Structures are given as C-alpha cells and as structure tokens.
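Enquirer: Work the whole structure out from these sequences, hints included.
These protein sequence lines are chains A and B, in that order.
Using this note's numbering, read the first sequence as starting at 1 and increasing by one per residue.
Using this note's numbering, read the second sequence as starting at 1001 and increasing by one per residue.
For the record, the hints were derived by calculation from the structure and aren't laboratory data.
Some hints here could point you the wrong way.
As the list claims (entries may be wrong) - Stretch-level coverage of chain A by chain B, calculated; a stretch enters the list once three of its residues show a Cβ under 8 Å from a Cβ in chain B:
hint, region
1, 203–216
2, 221–233
Unchecked claim - With a straight-line cut-off of 30 Å between C-alpha atoms, the simulated DSS-like cross-links for lysine-lysine are:
hint, chain 1, residue 1, chain 2, residue 2
3, B, Lys-1137, B, Lys-1194
4, B, Lys-1098, B, Lys-1194
5, B, Lys-1137, B, Lys-1113
6, B, Lys-1153, B, Lys-1115
7, A, Lys-205, B, Lys-1137
8, A, Lys-165, A, Lys-254
9, A, Lys-183, A, Lys-254
10, B, Lys-1115, A, Lys-205
11, B, Lys-1113, A, Lys-205
12, B, Lys-1153, B, Lys-1194
13, A, Lys-205, B, Lys-1153
14, B, Lys-1098, B, Lys-1113
15, B, Lys-1153, B, Lys-1113
16, B, Lys-1254, B, Lys-1194
17, B, Lys-1098, A, Lys-205
Remember, predicted model here, so these are calculated numbers, not experimental data.
Even for Gly, the Cβ is constructed at its ideal location relative to N, Cα and C.
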Amino acid sequence: MAAKKNGPIAALGAVLAAGLLAPLFTGSAPGFYIEVLLGGLMAGVLYSLVALGFVLIFKASGVFNFAQGAMVLFAALALARLAEWLPGWIGIPAGYPALALAFVLAAGIMVAVAWVIERVVLRPLVAQDPVALLMATLGVTFFLDGFGQTIWGSNIYAINLGISKDPTFILPSVFQGGILISKEDLVATVIATALVILLALFFQKTATGRALRAVADDHQAAQSIGIPLNRIWVIVWSVAGFVALVAGMVWGSKLGVQFSIAQLALKALPVVILGGFTSIPGAIIGGLIIGVGEKMSEVFLGPPLVKLWDLAGGGIENWFAYVLALLFLMVRPEGLFGEKHIDRV
Amino acid sequence: MSERDIGEVILDVRNISLSFGGVKALQNISFDVREHEVRAIIGPNGAGKSSMLNCINGVYHPQGGEIAFLGEVRSDMNTHHAAESGIGRTFQNLALFKGMSVIDNLMTGRNLKMKTGLLAQALHLGPARAEEVRERKFVEHIIDFLEIQAYRKTPVGRLPYGLQKRVDLGRALAGEPRLLLLDEPMAGMNMEEKQDMCRFVLDINDEFGTTIVLIEHDMSVVMDISDRVVVLDYGSKIGDGTPDEVRSNPEVIKAYLGESH
Chain A
1 MAAKKNGPIA ALGAVLAAGL LAPLFTGSAP GFYIEVLLGG LMAGVLYSLV
51 ALGFVLIFKA SGVFNFAQGA MVLFAALALA RLAEWLPGWI GIPAGYPALA
101 LAFVLAAGIM VAVAWVIERV VLRPLVAQDP VALLMATLGV TFFLDGFGQT
151 IWGSNIYAIN LGISKDPTFI LPSVFQGGIL ISKEDLVATV IATALVILLA
201 LFFQKTATGR ALRAVADDHQ AAQSIGIPLN RIWVIVWSVA GFVALVAGMV
251 WGSKLGVQFS IAQLALKALP VVILGGFTSI PGAIIGGLII GVGEKMSEVF
301 LGPPLVKLWD LAGGGIENWF AYVLALLFLM VRPEGLFGEK HIDRV
Chain B
1001 MSERDIGEVI LDVRNISLSF GGVKALQNIS FDVREHEVRA IIGPNGAGKS
1051 SMLNCINGVY HPQGGEIAFL GEVRSDMNTH HAAESGIGRT FQNLALFKGM
1101 SVIDNLMTGR NLKMKTGLLA QALHLGPARA EEVRERKFVE HIIDFLEIQA
1151 YRKTPVGRLP YGLQKRVDLG RALAGEPRLL LLDEPMAGMN MEEKQDMCRF
1201 VLDINDEFGT TIVLIEHDMS VVMDISDRVV VLDYGSKIGD GTPDEVRSNP
1251 EVIKAYLGES H
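Expert: Right, here's the structure in full:
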C-alpha cells in the first residue's frame, strides 16, 4: 500500500527536482539562477502567509474559508486608510507612529470581524453540510469585498513601510554582476518568518493554543472536557484575521492595496492542496514550492517553448500552481503533510 | 471493597425516555447514583448503555424525564455545561487528541481550571506562566498515578491501545470531576490490562473520592468492582441492585444467557 502510494509521489518529486536543477546544466549563469530561486522563495513566503490563514481555520473548525482572501484585502484597506486618516483625526505624526496605531486598530477590527462571522454565520450553520458552510464563506467573501469598499473606498492605496524599493546587489565577488534582490521582499520574508515562529509558540506553549489544537483534533472530545467551541472559533478566526492583516500589510506595501489582492490570495488554494489542508508546516513549504516553481517555470520553461514551438511563451506563472495542485489531487489528495482521512465504516 | 462513606444521591435519573425516529433507545429509565459510589450500567450490546451515558453528559437530550446532578436539573445541558458542573467522561471509541503528546492531552483536561486570559498567555505574562506551572504539577501527579511516566512526551496516536485508554482516563481525571463516566473502559483489553484498569478505577474512587459510573458488557469484570449495578436490555431497565442481587435476578440471567429450552 505504502509503495503504491509513494511511487507517483516520488516520480512527481523527481520531475520537480529535475525541473528545478535543469537550468544549472543548460548553461544559465549560476548567479541568475540563484536570483530566480530567491525571488521564487520570497514570493512563496507571501503565498504561505495567506495559506496559513486557510489552514488555521480549516483545522479548528473544518470550514474551508473561501473568504481568507477577502479578509486580507479588508485588513489591508483598514490599515492603509487608518494610517492615512489618523494624523488628521488625532494629530498623531504620520509615518511610523500612525502606521503602528493603525496596525493595532486594524487588528482590533479583524477581531470584531471574526466575532461577527462566528455569531452571524458559523453558529447558526454549525450542524449543516460542509457545502453550506463553504457557500456561506463565499457569501462572506463578496460581502467583505464590497463592504470594504463602502467603508474604506475603492481606489488603490499605499502602505508605506519605509523600505526603499531599489533593488540591491549582493555577493558581487562570488557571482558575476552580483545577485539582485529586493529589500522589500527580504523584509517581507523576515516578517513572515517571525509571524510563523510566533504562531508556533502560541500553539505549542499556551493553554489556549493547546485548546485550539485539541479542537482541531477532535471537536466532540474537546467539548466534553469543557473546551468551549464558540470561544475557540472566535479566537481562531481572530488569529486568521491577524494573519490576514500581516499578509495584507506585506502585499499592500509591495503591490498597493487594491482589489487584485483578494484574487491573488486565491493562489493560496493550490498551496494548501499541495501542503495539506491540516498542516501548518505544509502551508509554509507548499507556499515555497509554488513560489519557486512558478518563477522557475516562467523564466526557464518559457523561452524553450518559444524556441521549440514558436509559442508566445508567457503566462506560465499563472497556471503553473494550479496544474501542480491538480497533479497532487490525483496522486496524493491529502497533500504533502495532511492527515490521511480514514473513515470507520 | 474498601471502607468508604457512600454519601447522598448526587445523580438522579428520573423516567428518561429517548428515541431516534421510531427506535426507542431508552424507555422510562430511573436510577440514582450516590456520592463515592462505583455504579455500573451493564447490558448486552445495543441495550442503550452508551445512550444513557450520553444523556447524562448532555450529548443527547432525552424526550422524556429529567436528570438531576447535585440537585440541579438542566434541560439545556450540553457537554460543555456538563464538564463545567463536574461531570467528566471517557469514550468507548477513543476520542483522544492523537497528534498531541500525553502531557498535552492531559493538560487540555485542565483547561476549565485555567483562568488567565488569552492575551496574558500570548504575551507569556507572569500569572499565565505561574498557572501553567501549577497545572502542570497537577497533571504530573495524575501521570504518576496512572503509571504512564515513560510516555509523557509521546504522541498519543503512537501508544498501544491499552495505554491510550489510560490516557483517556487521565484526561478525564485532570478535570477533577465529581462524577466520572467511563464508557466501556475495558473494551478490547486483554486480561492483564483489564486488571490494571480495574485497579485504577478503584484507586481513583478511593484516593480522589470520585463517584464513578461505568458501562460494561462484560459482566464478570464489573461485578467485582461495583457497589451497585443497573442492568439494561433493549432500552428498558431489567435489574438494579448489588452485584449479588443482580446476579440472581432471573430476568438478567435470561437477557444474558437466553431463554432455557
């Protein structure tokens, strides 16, 4: 059984690894190769951030929260606009002080959103079909998208983290011309890593984190030892809201806060399929694989296609993640790290 | 049996009826449980034992009758209320948190006793830390008691079945329940494991003064450790009394051995 299961996975892994290493043997400059690799990893970190929100909610409540992307957008809008308005309202200096206060307020807003969603959407639907809950979160998605514009406006807003947008070259002595990296991506990576460590500590070391893990493991048992499900849900949606805020901040500073963020967040779907719906490490590693795979295929797979078949060659970045996810669904539907579901009959 | 003071009635089950659609799982069941007692509910498979337990801790809501715990009747009881009011339970099909260590499983059982706020915990403030240490001490005591010291850090899913049953018991115990419901604690165990489990049940009763209601379908095990026994068959009560009384009850013999031809 194990061998049968692992065969296709090993094959898939081998193909991916070959694809990853191939450029090195086909004459790409190592410096450029590493540059693309790093770029992919950093993009992957951002996907991981959104995927993390999905996984948190799915683990704790079994709900596939379609609205995670909308939460990212909503949080980013709140942060951007509050940071802009606060100096005018209470005379706080613009820049970091305003941004910090806006961040705290936006976090509070996300907690309120979580609380309302639990009250209005989850609690009445608790015993319903998973499809009903999925549809409900789809509704929440559109509501948050629209309501966000109602409150915060619908233009493109900037979140200024005060990091220079100029690219930097590192290690010019090792590689010819050095390796180009963006400071912004680097900061994003540091923030994401810090958040992941923080979450891991929270889950492993605190009583509430333990209760969250318990609920994720077995609802009924958790309830019968006195863990209140409703409170746990509010907490977990709040945490997911906080993760959305961090993702929104990082993405917003990179791309500007705009509607396309909510759609970009859909990239998190293939990430969770790859990593497994129930695994936090899976969300992170899945994000990295997708990020790297996308960039690599775009840069190194595109040109040969152009040469061989005279195709236009672009846009691989857009479909790569989904094709990979599709392959995974066929050979390993539980993802790399997900729990295998064995139902007792 | 040791010398214990059997106290007042703490759980009073009155005329409970429960049905699922047309299936009558329980019909007009009444019995009581006294403080410090070991009370068994026995009966063949499908007799309604688990349903009875599920009514007591609020998983099911019976259509008829009422259940009073410590003199209080709660019609809207759910499992969370039950845990809060001091009813702990273990499960027939283990419902442990498989991915978590033995310690963590037991610590979740302490959850109700932990009062510090989310923010204090998240920031690892003094009170939260002190609480964690205090509760951990209590849990260590239970681990010693159940003789599972060696498996503290092992994920529960990796332990053999008999030990998992013990962890399940430990988690329920961690909540310091006044009334402990054990759903077939010895199911699927070999003789040695059964004896161990019996010893633990008696020790818990003795040392912690916990009142115990346990379900079994294996009559022999139960008779030795119970003060009083309720016998169910097809959702009806067919016997209630001391093990000796129950053993000589013709209806019980009939249910267990079948009608003699």
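Enquirer: Now look at each hint and say whether the structure bears it out.
Expert: Each hint tested on the structure:
Chain B is given as covering the region 203–216 of chain A, and this holds because 9 residues of the stretch bring a CB closer than 8 Å to a CB of that chain, at least three being needed. A stretch counts as covered by a chain when three or more of its residues have a beta carbon under 8 Å from one of that chain; for the region 221–233 of chain A and chain B the count is 9, and the coverage holds. Between Lys-1137/B and Lys-1194/B the alpha-carbon distance is near 28 Å, which keeps this suggested pair within the 30 Å criterion. Pair hint Lys-1098/B plus Lys-1194/B holds up; C-alpha atoms about 22 Å apart against a cutoff of 30 Å.
Restraint check for Lys-1137/B and Lys-1113/B: the C-alpha separation of about 13 Å stays at or below 30 Å, so the hint holds. Note on Lys-1153/B and Lys-1115/B: the hinted pairing holds, with a Cα-Cα distance of about 25 Å set against a maximum of 30 Å. For the suggested pair Lys-205/A and Lys-1137/B, the alpha carbons sit about 16 Å apart, so the restraint of at most 30 Å is met. Proposed proximity of Lys-165/A and Lys-254/A is supported: the alpha carbons are some 9 Å apart, at most 30 Å.
Straight-line distance between C-alpha atoms of Lys-183/A and Lys-254/A comes to about 11 Å, which keeps the hinted pair within the 30 Å bound. Of the supplied pair hints, the one linking Lys-1115/B and Lys-205/A holds, its CA atoms being roughly 16 Å apart against a limit of 30 Å. At most 30 Å may separate the alpha-carbon atoms for a hinted pair to count; Lys-1113/B and Lys-205/A meet this at roughly 17 Å. About 25 Å separates the Cα atoms of Lys-1153/B and Lys-1194/B, which keeps this hinted pair within 30 Å; it holds.
With a CA separation close to 14 Å, the supplied pair Lys-205/A and Lys-1153/B stays within the 30 Å bound. Distance restraint check for Lys-1098/B and Lys-1113/B: the Cα-Cα separation of roughly 22 Å lies within the 30 Å cut-off, and the hinted pair is therefore satisfied. Distance check on the hinted pair: Lys-1153/B and Lys-1113/B sit about 22 Å apart at the alpha-carbon level, within 30 Å; holds. A hinted pair counts as satisfied when its Cα atoms are at most 30 Å apart, and Lys-1254/B with Lys-1194/B qualifies at roughly 26 Å.
A C-alpha spacing of about 18 Å is found between Lys-1098/B and Lys-205/A, which places the hinted pair at or below 30 Å, so the restraint holds.
Checked against the numbered hints above, the structure breaks none of them.
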